[in-house]
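Q: Build out the structure end to end from the sequences listed, making use of the hints.
Protein chains in written order, with my numbering: chain S, 1248 to 1650; chain A, 4 to 308; chain Y, -9 to 279.
Quick caveat, the hints were computed from the structure, so don't treat them as lab data.
We put the beta carbon where it would ideally sit given N, CA and C, even for glycine.
There may be inaccurate statements among the hints.
[Stated by the list, open to error] If you anchor each label on the Cβ, the simulated ranges turn out as follows: (1) Y/155 / A/193: 43 to 51 Å; (2) S/1395 / A/130: 29 to 37 Å; (3) Y/66 / S/1635: 42 to 50 Å; (4) A/130 / S/1584: 45 to 53 Å.
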Amino acid sequence: MTMTSRRALLGALPMTIALSLALPGVGAAQDVVRIGYAVAKSGPNATGAGITTIPNYQMWVAEVNAQGGLEMPDGSRRMIEVVEYDDRSNTEDLVRAIARLAEQDKVDLILPPWGTGPNLAIAPLMDKAGYPHLAVTSVTDKAPEFADRWKRSFWMLGGGHDYAEALVQTLVAAREAGQINDQVAMISVADGFGIDLVSAARPAFEAAGFTLAYDETYPLGTSDFAAIMNEVQRSGADSFVAFSYPPGSFGVTKQAQTMGYNPKVFYVGVGGAFPNFPQVAGGKAGGVMSIGGVDSASPAIQDYFQRHTDSAGSPPDSWASAVTYASLEVLEQAVQRVGLDHQALAQEIATGTFQTVVGDLKMQDNQLRDLWWVGQWQGDKFVAVNPAERQGATAPVIPKPEW
Amino acid sequence: MGYVFSAIAFALLAVLPLFAGDYGTGLLVGLMGYVVLASAWALFSGPTRYVSLATVAFFGVGAYVVAVLNEVLPYPVVLFCAALTGAGMALVVGLSTLRLAGIYFVIFTFGLAELVRQLITWFEVNVTGTLGRYIFLDLTARDIYWQLLALAVLTLGAGWWIRRSRLGLALRVIGDDEVVAAHAGIPVARTKLVLFVISATIITLVGAVQAPRWVYVEPSIVFNPTVSFLTVIMALLGGANRLWGPVAGAVPLFLLFEWLSARFPDHFSILLGLMFLAVVYALPDGVLAALERIRRPSVLKETKA
Amino acid sequence: MLASTLALGIILGGTYALLAMGLTLQYGIARILNLAYGEFMLLSCFVVTGLFTAWGIGPLLGLLVVTPAGYALGWLVHAGMMSPLLRRGDAGRLEVDTILATFGLLFVLQGIMLIVFGSDFTSYSYLDQGVSLLGVTVAANRLVALAVSLAIGLGLYAVLMRSNWGRAMRAVALAPQSAWLVGIDVDRMGRQGFALGGALAAAGGALVSMFLTFSAADGVVFTMKALIVVIMGGVGNVLGALVAGLLLGLAEVLVAAFIDPGLTLAATYALFLVVLLWRPTGLFGRVGG
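A: Here's what the structure looks like:
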C-alpha cells in the first residue's frame, strides 16, 4: 500500500510541477502593478548585479510602495508587486525567465537584467512581447543600431568609444597644460568590455599624438599583477590606464601602492567607482581616475547616496548605480503620465523629459547621451571630470598625489 | 511495440510547441537541451564510469562556431562545421587523455574547458580583435526545439544501437574491469575513443543549435561551467548506465529547478548542492534503480538495462 | 630584469604552494578529493576580513583563530559526510561518490556565503608596504605569506618524515588497504589528515586574504589552482606541492614578462595538462602510487 502511494507520488511530482509551470500565474488583482525581473543572483554575473542592479530595484520598489504605490495618470496609486527570478548567469535561463514573466506571470513591466550580453539576449523577446526595454547596464557601441532594430529598447550607458575617447580628451588637456608626457602604459582585461574599450582607445591615443609605451591584455581571472605592473613601471609612461574589471582594478591599485609606482595619471576600469574602492586603496584613493562619476555637489545625488546607504547598507557605486536608479524614475514618471500601455510608455520614454537623480533626462534616438565618462576620486567623493564643459564637472587633479 | 510507442511519443513531442507560447517553447528548448546533453554525456561516461566535466568545452565551441560563421555560411553548413570541429577536438583530446583514469580524468576535463576558453579568448583578442560576437539568425524557438528533438532521437537511437552492438558489450566489460577487457582482446582504447567522439560531437551540436537564442556570445557566456555540472548531476540522478536514465534525471530536475527559481530565487546554489548530496546519499544508483527497488523489492540487481 | 622576474615568480609560487598544501594532505592521506576546498579557504578569508574590519584584529592574529576552526570544520565534514561513504566499502565508487559529495558541499557553502557575505568584491589593506628584493619591490604581506608557506611545508615534511605519527600518516597514504595490519587506525588517521588539510586551508585563506580581492563566488578558482599544483606535485606529497607551486608561479611570471600576459592562464592550464599526460602521478609522485 505504502509502496504504491510512494511510487504514485514519485510519478506525480514532475507532473504537478510541469502543470504548475504551464498554468498562467494567478490573475493579478486590479489594484497592484506587477513588475518582474530576472537577474543573476548566482554565478559570475551575481557580483555586478548585486552591486549595481538589485539594490536599486529593491530600494525603488520599497520607496514607491511606501508612498502608497505607483501613481497612475488618473492620480490613483497602485502598489508594486515584484516577481523575481534568478537567471543563474545563464543566458538560456534568462531568456526563458523573460518569456515566463511576459507570458505566464503576465507582469505589467519588466526590468532589465545586469550586463551587456544579458540585455542583448532578451532584446528580441522584449521586442516581440512589446515591453519597453530600459537596457541600462549595457555598454555597446552598436546602441544606435540596436535602438533601430528593437524600437522599444533604450540604451543608457554609452559605448566603449565614448569612454575611451573621453579619457583621451582628458589626457590631451593635461598634456597641453604641461602636466604629463606623451607616453601611455595601457593594460586591458580580455573580456568583451575591456576589449571594446581598448580597441577604441588605441586609435584615439595615437590620433591624439600619444605613444603607447606598454599595451597588453591580461586574462579574466588574473589575480597577480606584480609582473605586469613591473613592466608598466619600467615603461616610463606618465599615464597608466587599465581597462579592467573589479578584481583587476583593485589588484593593480594595491600593486602600484606596494611598488611605490606613482604615475601622474592612474586610471582603472570597473570597480574604480565602487564605494569600497577607498578602503581597498587603504584610504589613498585621492587622484585615481575611473569610469563614470557623479555631480557630487548636486543635492539630488547627495540625497540618493544617503537613501541608498540607508536602504542597502552601503553607498552606491558612482557610475552605473545612479543611472540605474534614474531609469526607474523615468519609468515611474512615464507611467504617471501615460499609464501602463506599453506602446504609449515606450513613446513617452523616447520623447519625454524626466526629473531624475542625474538631472533632467531626455533620450536621444532611444539613447541616454548625457553621461559622465571620466571621474576621479577627490576627497571621499568620486567626482565627474569629463565632459569638462558639462554643468557639474570638476577639474581633474593631475598629477595624482603620491600614494 | 516499444518502437510504435516511442514513435508516437516523439510525434507528440514534435507537435507540442504548436500549442505552447513563448514560455512553453522556451521550457521545451531548455528541457530538450539538457535531455540531449545528459544522454550524450552518459553515452560515454555511463559505461566507462569516466566522469567528464568537459561538457561545456564542447558545448561552448559549438556555440562559438555558429557565432563565427553565421554570417558567412548557410546555416546547415555552419552546423556541419560545428560538428566537425567538435569531433576533431574530441579526437585530439581523446587520443591524449583516455589513458588517464579516475580523478585525473575528472580534473583534466575541467582544466580542458578552462584551457579552451582561455585560448579562444586570446585568439579573439589578438587575432580578430573583437570579443563579443552577434548572432542574428532567423530561427524561432520552435525551430531550435525541433532540431534539439531530432538530436535527442539521434542520441537515444545511438545509445540503443550501441547497447545491442558488439561495441556495447565491449563497453560493459571495460566498465567492469579494464584489465579483464584488455585480456579478452577488446581494443579498449579504440572503443573508448569512438564513444568519446560520438558523445562530444552531439554535445557540440547542442551548443551550436542553442546559440542563436542568445543573440550575443562571448567566452564567459558560452563557457559557463554550470552547464557541465548540471549535465553530470542530471545523468547521475537518473542513472547513467541506462538508456532512459539521463532522461529520467534531466526532466524532473530541470522542472524542479524552474519551479524553485520562482519560489527561492536567492538559493539556487544551495539547492543545487543539496541535489548533489541527495544523489550521493539517497539515490546512489539513480532514480530508475530506486523506482525498480520500490516496484520489486526482492530483485536486488536489475540486469536488463 | 631576469632576477627580478624570478623573484616575482617565487613570491607568486609561494602563494600557490600555500593554496595547495592542505588539499594535497586531504587527498593524499584521507583519499578524498575535496572539491569544496576553495570554499573552506574563502570562508576563512571572510572571517579574517570580518575580524580585521570590525575589531581591528590583524590577519596574522586571525590566523590563530581560523586555523583551529578549520581543523574542527574538516573533522566534522569527514565524520559527518565522508565516513558514511567510506563505510560503503566499494572502492571503485568511493572516488566518484566523494567527488560528487564535496561538489554538493561546494555549492551549499557558496550559496550560504552569497547570502551571508553578499556578492561584493572584498579586499582590505594590511602590511602592503613595499620591501625591496632583488631589484623589485614586493609587498610585505606576500613575503609573510611566502615565509609561512615555506615554514608550514618544511615543518610538515619534517613531521611526516621523522615522527611516529608522520610515519603512520604516510603508511595510510601509501597503503590504505594494509596499514591496519600494522596496527594503524586508518579511519582515524584519514580523519586527522582531512582535518589537518582543513586547518591548512583556513591558514592559507587567512594569508591570501591580505593581498587578493575575493568574492563569494571565487572558491572554485582557489580549488582549481590548488588542484593543478597538487596533481603536478604528486598527490599527498607536501614537498612536491611546494616545488610545483613555485614552478607554476615562475611559469606564469615568465610568460607574462617575456611572451604575453594574455596567455598566463592558458600557460598554467597547458603546463598542467602536459604534466598530467606525461606523468599522471605528478612530477614527484610515486609510480603506481
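Q: Each hint needs a verdict: does it hold in this structure or not?
A: To see whether the hints hold, each was checked on the structure:
Checked against the hint of 43 to 51 Å, the C-beta distance between residue 155 of chain Y and residue 193 of chain A comes to roughly 48 Å, which is consistent with it. Between residue 1395 of chain S and residue 130 of chain A the beta carbons are some 30 Å apart, a value that agrees with the proposed interval 29 to 37 Å. For the pair residue 66 of chain Y and residue 1635 of chain S, the beta carbons lie near 59 Å from each other, so the given range of 42 to 50 Å is not met. Distance hint for residue 130 of chain A and residue 1584 of chain S: a CB-CB separation of about 50 Å, consistent with the stated range 45 to 53 Å.
In the structure shown, a violation is registered for the earlier hint numbered 3 alone.
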